[in-house]
Amino acid sequence: MTDQPDRLGQGGRIDRSRALSFTFDGRAYAGWSGDTLASALLANGVHLVGRSFKYHRPRGVYAAGVEEPNALVTLRKGGRHEPNVAATTVELFDGLVAESQNRWPSLGLDMLGAIDRLPPVFAAGFYYKTFLGPTRKAWMFYERLIRRTGGMGKPPGQPDPDRYEKAHAFCDVLVVGGGPSGLAAALAAGRDGARVVVVENEPVLGGSLLARPRGGESDAWLAAAIDELAALPNVRVMTRTTAFGAYDNLVFGLAERVNDHLAEPPPYQPRQRYWVLRARRAVLASGMIERPIVFGNNDLPGVMLASAARCYLNRYAALAGRTVVAFTNNDSAYDAAIELAAAGADVSMVDVRRQIPGQLERQARDAGVSLLLGHAVGGANGRRAVDSVDVIEFDAASPSAGAVKSRLPCDLVAVSGGWTPTLHLLAQRGSKPVFDETLAMLVPEVVPEGFRVVGGAAAEEAPLAGLAPERSLATIAPVWAIADPLGARPRKKFVDIQNDVTTDDISLAHLEGYEAVEHLKRYTSQGMGTDQGKTSNLNALAILAGLRDEPRGTVGTTTYRPPYTPVSIGALGGAGTGQHFMPVRRSPIHDWHQGNGAVFTDAGLWQRPWYYPKAGESLDAAYVREAGEVRDGVGMVDVSSLGKIDVQGPDAADFLDRVYVNNWRSLPVGKARYGVMLRADGIVLDDGTTSRISEDHYFMTTTTANAGVVMTQFEFLLQAAWPELKVQVTSVTGQWAGIAVAGPRSRDLLARLVVDLDFDNDAFPFMGVRHGHAGDIPVRLLRISFSGELAYEVYTPADYGEELWRAVHDHGREFGLVVYGTEALGALRIEKGHVAGPEIDGRTTLSDLGLERMASKKKPYLGGALMEREGLTEADRPRLVGLETTDRGTKLRAGAILCQPGRHQGHGIGVVTSVTYSPALGGNIGIGLLAGGMSREGEVIDAVFPLRGEVVAVRVRSPHFVDPEGERLHA
Amino acid sequence: MLERRSALAAIYRVGRIGAGDGPPSLSVHERLARDLVQVSGWPQSFPSQCRRLETMLDFPMPDDGLKAVSHGESTIFRVGPERLWLAGPWPGLDPASPGDEAVVTDIGHSRTVLRVAGPQSRVLLNRGLPIDLDEAAFPAGSFAQSVIHHMAVLVHHLDGQDEAVFDVYVPRDFAVSFWQWLTEAAEAFGCQIEEPG
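Residue numbers (our numbering), protein chains in the order written: chain V, 1 to 971; chain C, 1001 to 1197.
Okay, chain V solo, but in the shape it has when bound (with noise of 0.2 angstroms):
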């Protein structure tokens, strides 16, 4: 542990009761609590930070805040490791651990910095001209490579062990800015009795006062706002937020950093949260950010915004730097110089204006403050942190640089090249900035309604009641970039410090015709990154301005997008990782398939038991034998995530005939029917069945999938289509649980059961439907088949489907009843030729599937028209066959592609769709779509599965392999 040597004996906002100990780079230092990492890094002496993106160049702490482009730091281990934070954004904790990036073997002795010392191949695009050959495959080799050298912080290897959160908020007024600004209109909204939201993105209200000298008058206003927003309960302030987003209607993205602060969040708590807020208004007071000027070495450490070195000093009491050159063309630099000569160091002003308003002449000068009017910073000097620097006289009127007047020792550089309003939110509104000339700098110029802009956002000079004014902003003399001293060495001047932009890359973009601001941003990557050149944007787009030889006000600027500040994907994850990814839909007989050894499988957000194994069976042993004791006794599925839906209404019929294709008014009570219908361009949508109620009521079972599709087009149908039919259609899918019991003893089992119902075949014939009791328990029964065999779907309330479960399962002991799941199921599908949704897959039309003949020729349904159209009634459309394999043993693979024998090229001639093996006939069957269809019955093709270099040769047959005459169904 050192001590603080930068670290002022006094003054300061930070807690000198709480001393804070952290790690960088492995060496332990102290801090108190209110520092950040950054501000506790200056204090202990600490320069040097990271190394840059491309050029390995040494870099040290450049800002105070969000805008932060070098002082990028890896923090904490393990799960919690989290790269590319920028130090002055991280609130020092007591075990914070942090460390330098993109560096090798270690921080002071980069191996990878003799990039530095290249040639200038490294120059904006340089990988994309540089490693094109010799062959295609050449940049997969160099890829790898570069991106080894470059590059920021690496990833976590771990998974995160904490919480994240998602929440909602609603205000009347969200104010984005807890600084002056901000504070004066909270309090105006609040006493006016507004819902106030105020979001500041430090952990304390203030803004740029926290950055003046610690005691003033603004200090005493600033805590009587604070008491007087506390004291408002429709007032909320947030701290450690950032309002990151803003979209339509006046909605926000906010990230709250709730226990970023802490090693690790209390029990339950989380990590940080993300907020969705519905603003009616939104005053935006998020200030202004300062920009520096160019010059050449402008990146070494040591070299820092001026408005930093004063937050530095003012706030955290740590000193920057004692022998201080300012450089600046404005007035705002010179309270940053007289504050930090008043704390004891040597401070020379370089201002590029020859003539400063008076009053601040003379307070610099009574300061101690050397001042060189009319000069300019030609360059920087120093290994690893920045020594001296090289002055130039300056004449704005004259483009080319004078040659090196003096050179000044200096251990900190603190430069201000002007303000730029914050006015992210509103941009990313669309309405972007322009440049004012007089104050130059982005300004608003139309704000969206529900908007106001306020403070230095607006660029607004006017001091708040009581507080002194600011520094006016109209005295600046704008200067973007200082070229190099006549008879200098050529140095790097860095535009965009994060992506190692120099001045020379902009000027190689606008040579090469990346003229236009968005095609600058892409080819050098300036204004990219973790700031998103914050500080960087405005001096491009002015050096750019300058070499197009136009107006700064005619270039425009870059697309603003959220987010402001990067936002953690865990944070934008919230709660929906784990279990909670997404909800899961369970059948009412869930718990039982748990308990009983099922293993479950995906079917959208349902979890369907796919298969029972006993012990040491595989998935294809017990569907095999699952499948074939259906066929050989009886067995039960669960089929309660079918879709269901009441169809209801004195219209019923007439809206199931205009929805299926086939027949509905003749439909007996008592009696379901399989159905068909269509989507209005011709394909086939659904497939299921429907049973006649009553009258007027119908009850409709559809797929799984596609449950949700068909009721949103019935709604839509009966809302926008057909509003004339008294028809009302109701989701009743979690109403019902259901149960299909299948095979030749199914009949036997469920007469042992239901008794008040005759089970009788003419009693209760196939595509009957009876209403009964299994002791006490209602069930509705279908006697339809989805397996081919007899077979019965058992319906009951779904609090009451695990009783009827249990019933089915107790009462088919004596038939040797098996339970089987959906890969069962499958099997006996495809042994019966049912199609599914391998083959209703959205391309298909009726006859595709063979289904042609059910399309009633007496009335239209939707649809209709348009599966007449030309395409889909082509004759060599791939139609529906059964395949065998010839070689019974051989699996098949859904997905294969059908090809004549020897000829696998191209789409082939069909596609193999849904695959099994057959217990009923002891070989590998499956079904697909066929170009000719069953007019290639008996011939041998092949079944091509190119991604694993398999050929299956395969009989082609009528796809209803079990039963063809329904013998079973009817028995």
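In short, the hints are calculated from the structure, not lab data.
Any given hint could be a false lead.
[Stated by the list, open to error] Chain V side only, calculated, beta carbon under 10 angstroms to chain C, not exhaustive: (1) 165; (2) 168; (3) 170; (4) 270; (5) 574; (6) 584; (7) 586; (8) 588; (9) 590; (10) 640; (11) 646; (12) 648; (13) 696; (14) 776; (15) 797.
[Claimed, not checked] Short, incomplete list of chain C residues facing chain V, as computed with Cβ under 8 angstroms: (16) 1009; (17) 1040; (18) 1110; (19) 1134; (20) 1151; (21) 1172; (22) 1174; (23) 1188.
[Unchecked claim] Label-pair ranges, simulated between beta-carbon atoms: (24) V:775 x C:1147: 36 to 44 angstroms; (25) C:1063 x V:461: 51 to 59 angstroms; (26) V:216 x C:1021: 39 to 47 angstroms; (27) V:666 x C:1052: 29 to 37 angstroms; (28) C:1013 x V:158: 27 to 35 angstroms; (29) C:1043 x V:865: 25 to 33 angstroms; (30) C:1052 x V:559: 53 to 61 angstroms.
Just so you know, even glycine gets a beta-carbon here, dropped at the ideal spot from N, CA and C.
On the provided structure of chain V, position chain C as indicated by the hints.
Same frame as chain V, now just chain C:
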């Protein structure tokens, strides 16, 4: 006697969960075995249907889709332009009685109903619910059909006198996922899971 089995039967545990050891600022319980009947109709006949129901049930009908009408344990929601949900005990409702121009559908097994009460109940629900639950915007009696963590919900603000009380109707097949989401979110506040009732 046939008993209804809750969708939450396998995971429901009565007791205190989450942070803190003082009195919890939240309580949650499942409301069991409630009737839920949908009555729907068509624009021309719906007003007369409502009048008939009003007389038959001796219960006022809701005017709009924003506020429900409650009396005792029973509530009527207008969930669509011509669609009512009758929630709670409705022993006297005969499916045929609203008349030929109305459609009655029993959906009583299709929803799981959870009651969330306590000072933090608004904050808890707003962890997922994008509806302003402030007393001024969503006074007692208000209900909203919305989504919490991808799951469709109907949220009803009951008149809890001094306490914030909400009933959340969630589709039965999502009930376990919803319960897991709700109880995990409630842990941050500390929550008492009470006996179902």
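Tested hints:
no.: 1; hint: 165; verdict: holds (6 angstroms)
no.: 2; hint: 168; verdict: holds (5 angstroms)
no.: 3; hint: 170; verdict: holds (4 angstroms)
no.: 4; hint: 270; verdict: holds (7 angstroms)
no.: 5; hint: 574; verdict: holds (8 angstroms)
no.: 6; hint: 584; verdict: holds (5 angstroms)
no.: 7; hint: 586; verdict: holds (5 angstroms)
no.: 8; hint: 588; verdict: holds (7 angstroms)
no.: 9; hint: 590; verdict: holds (8 angstroms)
no.: 10; hint: 640; verdict: holds (8 angstroms)
no.: 11; hint: 646; verdict: holds (5 angstroms)
no.: 12; hint: 648; verdict: holds (4 angstroms)
no.: 13; hint: 696; verdict: holds (8 angstroms)
no.: 14; hint: 776; verdict: holds (4 angstroms)
no.: 15; hint: 797; verdict: holds (4 angstroms)
no.: 16; hint: 1009; verdict: holds (7 angstroms)
no.: 17; hint: 1040; verdict: holds (5 angstroms)
no.: 18; hint: 1110; verdict: holds (4 angstroms)
no.: 19; hint: 1134; verdict: holds (7 angstroms)
no.: 20; hint: 1151; verdict: holds (5 angstroms)
no.: 21; hint: 1172; verdict: holds (4 angstroms)
no.: 22; hint: 1174; verdict: holds (5 angstroms)
no.: 23; hint: 1188; verdict: holds (5 angstroms)
no.: 24; hint: V:775 x C:1147: 36 to 44 angstroms; verdict: holds (39 angstroms)
no.: 25; hint: C:1063 x V:461: 51 to 59 angstroms; verdict: holds (54 angstroms)
no.: 26; hint: V:216 x C:1021: 39 to 47 angstroms; verdict: holds (45 angstroms)
no.: 27; hint: V:666 x C:1052: 29 to 37 angstroms; verdict: holds (34 angstroms)
no.: 28; hint: C:1013 x V:158: 27 to 35 angstroms; verdict: holds (30 angstroms)
no.: 29; hint: C:1043 x V:865: 25 to 33 angstroms; verdict: holds (30 angstroms)
no.: 30; hint: C:1052 x V:559: 53 to 61 angstroms; verdict: holds (60 angstroms)
Of the hints listed earlier, there is not a single one the structure fails to meet.
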